[in-house]
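Peer 1: These are the residues of each chain, in order.
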Amino acid sequence: MNEEQIERYSRNIILKGVGGKGQKRLLQSKVLIIGAGGLGAPVALYLAAAGVGTIGLVDGDAVDLSNLQRQVIHFTADVGIPKVDSAKDKINRLNPDVEVKIHKERVWASNIREIIRDYDFIVDGTDNFPAKFLINDACVLYGKPYSHAGILKFNGQTITVLPGKSACYRCLFIAPPPAGAVPSCSEAGVLGGMAGVIGTIQAVEVLKYLLGLGDLLTDRLLVFEALPMRFREVKVKRNPACPVCGENPTIISLVDYEQKACDLKK
Amino acid sequence: MTIKLEINGKIDHVSGEITVRELLREKDVEDPDMVSVKLNGTILDRAAFDTVQVRENDEVEFLYFMGGGSQK
Ligand SMILES: [Zn+2]
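If you read the protein sequences in the order shown, they are chains A and B. Heads up, the first sequence is in my numbering, so the first residue is 1 and it goes up one at a time. Heads up, the second sequence is in my numbering, so the first residue is 1001 and it goes up one at a time.
Just so you know, the hints here were simulated from the structure itself, not pulled from any lab data. Among these hints, one or two may not hold up.
Said to hold, decoys possible - Example chain A residues on the side facing chain B (calculated, C-beta under 7 angstroms, incomplete):
no., residue
1, Asp127
2, Pro130
3, Ile151
4, Leu162
5, Pro177
6, Leu191
7, Asn239
From the three backbone atoms N, C-alpha and C, an ideal C-beta is built for every residue, glycine too.
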């Protein structure tokens, strides 16, 4: 590390358990964030600030005015440009040490293996169930540690998954809800700030994982309820009947699920 | 006769030894398709909602499907 880096990361480096060695490890780490939206925004900003050396961003969408209520990595002038370009620009301005790799597409069964291949840790910051199940299955099948999270209205939840060692998303949520049951955006909504609470927890989990510190949020679903302002921990365990990591898995290759698109303008 | 359960960490009472599907209805869970149920540590298969019954002192967790994130 050069002198500027030692100063920039000094509050990490002085921590017992991090030190220069830990900081170098962060600088050499590669983290992929799928979804450069509400959850992905704080994850990307905090990982970039902390000096994670390579950050991959996957998103096929452009910034929409209605995103700005919670997707704090995008600004008003970014409306209309691809989210990955907007996010890359902010990360570069925050910390030029970070190499940003952009994937201007969404994940599918056909491309996810190639996209996640080079990364040490994967962050699910997507908004839809087909992507969430696909990310889980790909991470389990290819042995990538990852952080799952979801937010809805005034609630959020997150869990860290170490494939083969801890409960996966499907151990808890066996299959996606029927497409017709998923609430439309107008019925759903999410309070600004919710993504910040949950995404920031995801970012801290990534740093802990990369640094080998503490106890990860594994086998525990952390549920956040903003209205009573309460965190609750639901103990979970690997489900022997899990279709992807259980004793007799039925999902041995990746599948694309369908979900009705949600567009408030229609 | 009412029975005592623990639902999402809180002590609660329900009308009797009813099925999980009936429990969801009794507890006003708006959309049972958007919830996963953990009963005494085990995640239930959705098909079991109509057959498995809750008993006195059971621990039930309703886990909600949440998307969010980059929702347009
Ligand atoms: Zn599993």
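Peer 1: Go through the numbered hints given earlier and state which of them the structure violates, listing their numbers in rising order.
Peer 2: 2, 4 and 6
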